[in-house]
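A.B. asks: Go ahead and model the full structure; you've got the sequences and the hints to work with.
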Amino acid sequence: WYAVSGTVTIDQPITVSGDVSLILTDGCTLTAAKGIVVTDGNSLTIYAQSKNGGTLNATGMTDDSGNASAGIGGSTSSVDSGSITIHGGIINATGGVANNNFGNPNYGGAGIGGSTTSSGNGGNSGTIEIYGGTITANSGEGSSTGAGIGGGGGGNGKNGGDGSGITIYGGNVTAASHGTQSGGAGIGGGEGDIGDGGAGNNIQINGGMVHATGGYLGAGIGGGGGTGRKSGDGTVTISGGTVTAVGGSCAAGIGGGGGYQYSNQWASDSTTGGTGSVTITGGIVDASSPTDVDWEGYEGAPIGNGGNASGTATVNKTTGIVFENGAGTVCGNVTFDGSYPVPADYTLNIPANASLSGSGTLTGGGTFTADLSEDMVSVPTDLYYNGQDRSNDIKTRLSDGLTQGIAICGQTFTVSGWTVA
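For reference, each letter of the sequence shown is one residue, going 10 to 430 in my numbering.
If you are wondering where the hints come from, they were derived from the structure by calculation, not from laboratory data. Note that the structure is predicted; figures quoted are calculated from it, not measured. Virtual Cβ for every residue (Gly too), placed ideally from N, Cα, C. Treat each hint with caution, since some may be false.
Straight-line Cα separation of at most 20 Å, DMTMM-like style, residue types lysine to aspartate or glutamate; simulated pairs [unchecked claim]: (1) K43 <-> D73; (2) K60 <-> D35; (3) K43 <-> D72; (4) K43 <-> E150; (5) K326 <-> D380; (6) K43 <-> D20; (7) K60 <-> E138.
Quick list of the computed label-pair ranges, beta carbon to beta carbon [stated by the list, open to error]: (8) D380 <-> T38: 48 to 54 Å; (9) G373 <-> D72: 18 to 24 Å; (10) D28 <-> S272: 37 to 43 Å.
C.D. replies: This is how it looks when you write it as structure tokens:
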């Protein structure tokens, strides 16, 4: 066990051997200027208060061979990560950046997970569990990078590392990959540089606030990009929390990494997209994939496959509020007791076989619709049909009801920001 108090800066890699527990006391700041090395077979558990806890800043390093370590995880020489568990605190983890001969960023390690190598396959993540805290994990910047949380990137002609066994139970988690030519997932697999992208396997989100952004061809949550070969598959289960996932070019928001193909008189190239297997049984999910992509016609799905995928996506949305490129659907019978600001241009529909109940508040948004059956609708006794057009009267009555609270299926909702079409 190790405890940190005050302000501490260590300018050499901090290497974890065996099973190590680190306590960040209230108000402390630990700066690991060359990262915390947790390689395969070792484990690090970080404890701190979820609020007002200590701070850890960890930035990966590079070596003369152009390898980039993770902020927390794999090293420049041992790429696979060990087990990492976080129980609170403010954790800022950034992968190392290896420049090319021209001084430009080339390879970037994962924020938390595997490292990125210039000549071999990217490092696999070990088990990563997050129970609380404020975690910001960014890959190092470069043309080829690892995931924000997950696998490291592969070197020239090599495969990306897998991001597997990643579970988030709570906390506020922001993860992004910054690969510009081949990127990893925000959470999941690392990039393959003219190689296969790493898979994002067994990723589970059970709670918390999660925001994940993929690099070029990388899923927001799921598979990493694989330029010229095959991007990684993504297997993701979401049972709770508030999840925002943004895919890179041609990639899924949640699911497979991106793919494309093109041919002209000078050259041809193709990448097979990754396959998505996604199950949603709770929470609020906002998944998006770019519609303005480099290779038109190879857009990834918000949830499911990346562009140019050869496999069949498996997507099960049994319970939850799910937005896909701004189009929202209430899936199953949802009890919502929190609050959520819906972006202004989004829509939300409640199908006839679904229900939304509880004391929660949805604010903002563009259009709210419900598919109602006859037994779900009651008409005010003083609203009658006399052969004239009553549409304006009905709209006025309904609009007034939005501000006073409206009853659907016996549940009263207070709605702001919505209009009656």
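A.B. asks: Each hint: holds or not?
C.D. replies: Hint by hint, here is what the structure shows:
Restraint check: the Cα-Cα separation between K43 and D73 comes to about 14 Å, which is no more than 20 Å; the hinted pair holds. Straight-line distance between C-alpha atoms of K60 and D35 comes to about 9 Å, which keeps the hinted pair within the 20 Å bound. Taken as a hint, the K43 and D72 pair is honoured in the structure, with Cα atoms around 11 Å apart against an allowance of 20 Å. For the hint pairing K43 with E150, the CA-to-CA distance comes to about 16 Å; that is within 20 Å, so the pair holds.
Among the hinted pairs, K326 with D380 is consistent with the structure: their alpha-carbon atoms are about 18 Å apart, no more than 20 Å. Proximity of K43 to D20 is assessed by CA-CA distance (about 6 Å); at most 20 Å being required, the pair is judged to hold. For the hint pairing K60 with E138, the CA-to-CA distance comes to about 18 Å; that is within 20 Å, so the pair holds. D380 and T38 have their C-beta atoms about 53 Å apart, which keeps the hinted 48 to 54 Å range intact.
Distance hint for G373 and D72: a CB-CB separation of about 48 Å, inconsistent with the stated range 18 to 24 Å. At about 53 Å, the CB distance of D28 to S272 disagrees with the hint of 37 to 43 Å.
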